[in-house]
Amino acid sequence: MKTSVFLGALTAAGMMAGAASAATLDDVQARGSLKCGANSGLTGFAAPDANGRWEGFDVAVCRAVAAAVLGDPEAVEFVPTTPKTRFTALASGEVDILSRNTTWTLTRDVDLKFTFAGVNYYDGQGFIVPKALGVSSAKELDGATVCIQTGTTTELNLADFFRTNNISYEPVPIETNAEAQQQYLAGACDTYTTDASGLAATRASFETPTDHAILPEIISKEPLGPLVRHGDDEWADIVRWTLNALIAAEEFGITSTNIEELSNGTDNPEINRILGTEGTMGEMLGLEADWAMKAIMANGNYGEIFEKNIGESTPIGLARGLNAQWKDGGLLYAPPFR
Amino acid sequence: MADYSYVREDMLPEREPPVSEVGIIGWLRENLFSGWFNSILTILSLMFIYMILAAIVPWLWTPTWGAGSLSECREIIADLGKQHGGACYGVITERWQQLLFGFYPDELRWRPILTFLGLFVALGPVLFSDVFPRKVLWFTGAYLFLAPWLMWGGAIWTPLLVAAGPALGYLAYRFLYGVIGNLGAVIVAVLVPILFWLFLVGPISSGLFSVIPLGLEVVESRLFGGFMLSVWIGVVAIAISLVLGVVLALGRQSDLLIVKYLSVGFIEFIRGVPLITLLFVASTLLNIFMPPGTNFDIILRVMIMATLFASAYIAEVVRGGLAALPRGQYEAADALGLDYWKAQRLIILPQALKISIPGIVSTFIGLFKDTTLVSIIGLLDPIGLTGSIRADANWNGIVWELYGFIALLFFLSCFAMSRYSMWLEKKLRKDHH
Chain A
1 MKTSVFLGAL TAAGMMAGAA SAATLDDVQA RGSLKCGANS GLTGFAAPDA NGRWEGFDVA
61 VCRAVAAAVL GDPEAVEFVP TTPKTRFTAL ASGEVDILSR NTTWTLTRDV DLKFTFAGVN
121 YYDGQGFIVP KALGVSSAKE LDGATVCIQT GTTTELNLAD FFRTNNISYE PVPIETNAEA
181 QQQYLAGACD TYTTDASGLA ATRASFETPT DHAILPEIIS KEPLGPLVRH GDDEWADIVR
241 WTLNALIAAE EFGITSTNIE ELSNGTDNPE INRILGTEGT MGEMLGLEAD WAMKAIMANG
301 NYGEIFEKNI GESTPIGLAR GLNAQWKDGG LLYAPPFR
Chain B
1001 MADYSYVRED MLPEREPPVS EVGIIGWLRE NLFSGWFNSI LTILSLMFIY MILAAIVPWL
1061 WTPTWGAGSL SECREIIADL GKQHGGACYG VITERWQQLL FGFYPDELRW RPILTFLGLF
1121 VALGPVLFSD VFPRKVLWFT GAYLFLAPWL MWGGAIWTPL LVAAGPALGY LAYRFLYGVI
1181 GNLGAVIVAV LVPILFWLFL VGPISSGLFS VIPLGLEVVE SRLFGGFMLS VWIGVVAIAI
1241 SLVLGVVLAL GRQSDLLIVK YLSVGFIEFI RGVPLITLLF VASTLLNIFM PPGTNFDIIL
1301 RVMIMATLFA SAYIAEVVRG GLAALPRGQY EAADALGLDY WKAQRLIILP QALKISIPGI
1361 VSTFIGLFKD TTLVSIIGLL DPIGLTGSIR ADANWNGIVW ELYGFIALLF FLSCFAMSRY
1421 SMWLEKKLRK DHH
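Protein sequence lines, in the order shown, are assigned to chains A and B.
Take the first sequence: its letter number 260 is residue 260 in this note's numbering, and every next letter is one higher.
Take the second sequence: its letter number 307 is residue 1307 in this note's numbering, and every next letter is one higher.
Note that these hints are calculated values from the structure, not bench results.
There may be inaccurate statements among the hints.
[To be verified] Just so you have them, the derived chain A footprint on chain B, three or more residues with Cβ under 8 Å:
hint, segment
1, 1173 to 1181
2, 1273 to 1287
3, 1307 to 1321
4, 1395 to 1408
[Claimed, not checked] Here are some chain A residues pointing at chain B (derived, C-beta under 7 Å):
hint, residue
5, S40
6, G41
7, A50
8, P80
9, P83
10, T85
11, T88
12, S92
13, N165
[What the hints assert, rightly or not] Below 30 Å or equal to it, Euclidean Cα-Cα: the simulated DSSO-like pairs (lysine-lysine) are:
hint, chain 1, residue 1, chain 2, residue 2
14, A, K131, B, K1082
15, B, K1135, B, K1354
16, A, K84, B, K1369
If you're wondering where the values come from, they're calculated on a predicted model, not measured in any experiment.
We treat Cβ as the ideally placed atom computed from N, Cα and C, and that holds for glycine.
Looking at chain B on its own, in the form it has when it is part of the complex:
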């Protein structure tokens, strides 16, 4: 019989895992060098990345921020002895304010900045409903009317009167509901504010202004430009198109024949036409249709077109969300005895919109980037301004620096929007996967 002279009676102490399996080395072994094939791929990729960086970084890393012209840049670069040239950042130093604000007067730039900051406060209660008190929602409502006033200036009475429009519509609805029935009252309630805005706001506002002259200096649309113009067109179009889009999507699902076919016709027409065509209609065709001398603000025209364009797409995205809801949800709403609007508001739309978030945000990002198309009709958005800046004899010949700067601005904005939508999806996820 064998004599087992040694039997371990205590556990071995835990030891550190081998160096090759943990930490950076372990990670490298696992992810980059897990076999001869993967190792070769890793080395090739690293070489490839190095080659690209070696070409770009020296170009990017050029201290030309102080140069006053392209030729000065070239002298600096020549002094540095760079083989393949370098970036000329002097143009950004000189023109970044123009690229951001266009020709908006220097001393009034606090207004677009304030509008932009106000946007975040106004969006707060909508986007982060758990953080902000509900009272901030009042600010959001007021912001809709204050923002255009801050941007364009004019009498304080105009935004107040414009805000009174919906209230008038509501009054008309309450008053007429008993007299001519629901449908008639709704139609009148929509028409009253529109007629009020078109024909009464202007005279009343100037009348009040002559009595109590409260207001801001007027800034004309032609001074709007740069990234501010893109953001302004984008934000307005996004805000309005979301509302219009939901209405159109519901209209397309509606049982009312006229409403349904109007919605279908609108959506299909707008989606069948390129945005640039609509912009040309806004900039040239409308000019010919309207009597000479009428001055219908070009930026307003562009905003309307961008809004209509985006709302058609939003409508289809939301319709996708509506179609994805199980039939049982609609039936359950009916079974509870809710009427159409309550059912939509409490049961259908919250679920449908949640499903549609990625599509809606993609549409918004697309719309925001599409605002650069306005350069083709002569508006000086960042892309349009690059042409004007290059027309300066000092900067003629500069291409990549300007486009790079603009790309960076757009990337930051769009990336923020995309991150936000992912966060929102996570927050609204009610099921537990």
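If we strip away everything but chain A, and leave its shape as in the complex, we get:
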């Protein structure tokens, strides 16, 4: 008797939990805040400032989603995650969205049961060397000592690259980016390899950045993007189209400064549909008509977010490269708002 009551309670709890996890949008709206899994610290992508406010390129995605869903870009609870805890945090429902420079791979998408909502940064693994080493290509690194973060995909990429080019190297395993900087500057390794965006940030922190060069070879594909749990397609749609709205806004010249003006109606029907003055896009997503407008007003369009956090005006100074609009020879290509 007692056992059956207990089992019944468990089943009920399980069903309620199942129902709760199926509609992330309802949970977020009921809670009044978005729980966003963020990197606990990556220059330009996510970091708390002196007042504890989170800022960065990945953080901006979460703020845009919060603005679209709740109308307030500040209604985000940032949960700092490490490479080890990030996937459990998302799978267990501790966070609603993981925006943490996570590479889109088949195993993560299929086996770990996540849904990638798109790519917000196309990265790739590169090498930094002191100019004094006299190396101009990664293929000349035969016999070099390489500082490498253990337990990451970069370690495997490195092994693949040296093997396919039939050259040898000696790995110097290190744990964190900060440790890598110290080891590299102290001369413990000839070159340090990690994502090119990380290398740029690292180089910017050196006393004499001009003494160091980032080699032209990019040896891996690292499409980084926000991801959500499998099984809630409505929520995945919201995140995907919020990201698309930021990218499309740049394409159509919608910026944080002219968005008010454009929202009164324009001659371009696609701009009108994005800003919700035409059509019922918001309603289809289960959001307000001006969801995309709020998302764009949160931090500006994709280009503005890029410039503010990691662009050429910042110390990190990344060029747009692959992350330019398709019209400018990049890979950013938002599907039509139709």
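With chain A's structure known, arrange chain B on it following the hints.
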């Protein structure tokens, strides 16, 4: 016969000892230059110390407190013409509040500060029993329930109801003692508060709050961080693990088979597993076991794990103290006709705990420093925050200044604990050596 024409009849006045034997010179001669070998060693050591200081002091002595970024620091240092660089203290000026309090809201920081000051008042009657009046002990009892309320906020009713738990347990014990005997009553007395806390405190508290809304603004755990987080986890784990540890140590010595093997099993399991494994269990495994959507506070989970970990070690330290007591003490207690609890309380534990003090304090210091491991599961304790601060483009590349500041904070805390334990040993020493 010789004629002794002079015989001294009065004592010579005492004279000052020679300059070379007293004062600084005398001390130097005795301790540093007492032979050619020791003199050479002294000179070599002095040269060695000078070399180290000459390298470190100019680096430390750098007026960069006002700098707003690492590059500004470098400009200041370049202007000073320093050869080997200097420390960049601007990061400490800008971020010391974050390193101390994490993201705890500015206007509410009086709460952790008040909790911290309250800790000393609450500890007073426990630690310095001769100075404080015994009535302050009531504050200590209340503090156990007030401190979490001050830190996390919420309705005033929650701590009051939580405090009512043990009282309910005691009532149940008194009521059932005659009905189902001692053992059954003890089990029920333990179960009643736990069930009360788990299932009744929440609803009753929110019910009372809707009638009489007295309370503090809620501060969520994710805002806890910095040194405050380390101290908070450390203090809670230390306080609870001392009690749990003594219980486990007694349990391990117990004649009751089940109690004994439960204690042994618990202690051996926890001591056989690294703390970091327990923390990963707390942060990831528990998440998977619990139904999705349950929100079991991460800091609470970490606290529980740290407490269990420390209590296993404390249990073994206390067991060492129990084993060191001569058999005669146990027999004397029996001969006086004391029952088990009275014998433990009046005779065995006071002596056993006194012997165990150095071991207990070492365990506490170790636990306090181990709290920095929580950075690995993504909590922003001081070590975790260094990563976040370095992620600020202004401070990317700063290492030693941050770690130095954190080391200083930990050193001060641990050194104070160690000094206190030495003082306590001296105070409790009853024999006269």
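Evaluation of the provided hints:
1. Counting residues of the segment 1173 to 1181 of chain B whose beta-carbon sits less than 8 Å from any beta-carbon of chain A gives 0, not enough to reach three: the coverage restraint is violated.
2. Counting residues of the segment 1273 to 1287 of chain B whose beta carbon lies closer than 8 Å to any beta carbon of chain A gives 4, which reaches the threshold of three, so the coverage claim holds.
3. Coverage of a stretch by a chain is defined here by at least three residues with a beta carbon nearer than 8 Å to that chain's beta carbons; for the segment 1307 to 1321 of chain B and chain A the count is 0, and the condition is violated.
4. Given as covered by chain A, the segment 1395 to 1408 of chain B passes the check, having 3 residues with a CB less than 8 Å from a CB of that chain where 3 are the minimum.
5. Hint status for S40 of chain A relative to chain B: holds, with the closest Cβ pair at about 6 Å, below 7 Å.
6. Because the smallest distance between the Cβ of G41 of chain A and any Cβ of chain B comes to about 3 Å, under 7 Å, the interface hint for this residue holds.
7. Because the smallest distance between the Cβ of A50 of chain A and any Cβ of chain B comes to about 5 Å, under 7 Å, the interface hint for this residue holds.
8. Checking P80 of chain A against chain B by beta carbon gives a least distance of about 5 Å; that is within 7 Å, so the hint holds.
9. Violation of the interface hint for P83 of chain A is found here, the shortest Cβ-Cβ separation to chain B being roughly 10 Å, above the 7 Å cut-off.
10. Hint on T85 of chain A holds. Least Cβ distance to chain B is approximately 5 Å, under the 7 Å limit.
11. The interface hint given for T88 of chain A is met, as the beta carbon of that residue sits about 4 Å from the closest beta carbon of chain B, less than 7 Å.
12. With its C-beta approaching chain B no nearer than about 4 Å, S92 of chain A sits inside the 7 Å limit, and its interface hint holds.
13. Because the smallest distance between the Cβ of N165 of chain A and any Cβ of chain B comes to about 31 Å, over 7 Å, the interface hint for this residue is violated.
14. The hinted pair formed by K131 of chain A and K1082 of chain B meets the criterion: a straight-line CA distance of about 25 Å does not exceed 30 Å.
15. Straight-line distance between C-alpha atoms of K1135 of chain B and K1354 of chain B comes to about 24 Å, which keeps the hinted pair within the 30 Å bound.
16. For the hint linking K84 of chain A to K1369 of chain B, the alpha-carbon distance of about 22 Å falls within 30 Å, and the restraint holds.
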